[in-house]
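Peer 1: Listed below are the residues making up each chain.
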Amino acid sequence: MKVRVLVRLKPGIMDVQGAAVKRALAGLGFSEIADLRIGKVIELELDDATPDARARVREMCRQLLANPILEDFTIETLADLAPREVAR
Amino acid sequence: MRFGVVVFPGTWSDCDFHYVVSEVLHQPVRYVWHRERDLSELDCVILPGGFSYGDYLRAGAVAGRSPVVEALRDFVGRGGLVLGSCNGFQILCEAGLLPGVLTRNECLQYRCQSTHLVVENADTFFTRGLRVGQVLTMPISHGEGKYHADAETLARLKRDNLIAFRYATAEGKVTKASNPNGSLDNIAGIVNPEGTVLGMMPHPERASETVMGGTDGLLMFQSLLGSLVEDGSFLKR
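Taken in sequence, the protein lines are chains A and B. For the first sequence, the numbering used here assigns the number 301 to the initial residue and increments by one for each residue that follows. For the second sequence, the numbering used here assigns the number 82 to the initial residue and increments by one for each residue that follows.
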């Protein structure tokens, strides 16, 4: 079972890395960017038999994958991911 | 006083701390491997700087869940002393042993330079030999040392006097220009309410001999050892 976790800086947390990349893009002529923020993608493959997989991954996020002081996370399972894969 | 210096894969200040404790302070010290769980014979555990487990995911994130840090919770519960410097501070925050988190420097640069620290709290085991307002000079060496905490936590740190050091000018003035990494309120180090766990980004072990350019870091170790002297005479307070 494939699960994708998106970890993002919370709104209001300054993203210095994002700001630097935004400046670099502006230097390349992409001046239309109002905001740019960088997050992390974590892809997991769980045993198909995992019960409550979403709850398990949520717990992984709480215990290690995200720092609740700084970051929010969203969990996408294969079903959520399918349309995105096709769209590509 | 029996010291332990924790070594994770990727730690780099372990030998410096070990040297200062054994050769400058002449105290018993041993290395503690990151898989160890028995800290019972130690009085003070040092979490040195470096890049534990490559600092993958976030600085200190993996180390903050390691066996030795799990054991540290009991150690702290029993009143054991813990000093975390640089990566050690990041680990203490990630483990939840201290509040807040260290993030990417606002300047985006890795900063390796001398800093001035003004003492904000002289009632901890690590700062008892110092005066509030005293200015110490110690180096920093980090890319992720910008302290961040939510407004509620910051208010609690201030109310309970848990800020140990703030970045300042040589005269002890806390200014924006003297803040090397964009830390909230110029915070360079904090303590737990008991004053037994101190985390700081600067490196006291790199300022412990005149040949290294200064000995202000030694004052912290001397505070620590002096805190075991019952009449406190050496503290000269």
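FYI, nobody ran anything at the bench for these hints, they're computed from the structure. Each hint should be verified, as a subset may be incorrect.
Below 27 Å or equal to it, Euclidean Cα-Cα: the simulated DSS-like pairs (lysine-lysine) are [said to hold, decoys possible]:
no.	chain 1	residue 1	chain 2	residue 2
1	B	Lys-254	B	Lys-239
2	A	Lys-322	A	Lys-302
3	B	Lys-239	B	Lys-257
4	A	Lys-310	A	Lys-322
5	A	Lys-310	B	Lys-239
6	A	Lys-322	B	Lys-257
7	A	Lys-310	B	Lys-257
8	A	Lys-340	A	Lys-322
9	A	Lys-302	A	Lys-340
Peer 1: When the structure is checked against the list of hints, which entries are broken? Sort them ascending.
Peer 2: Number 2 only.
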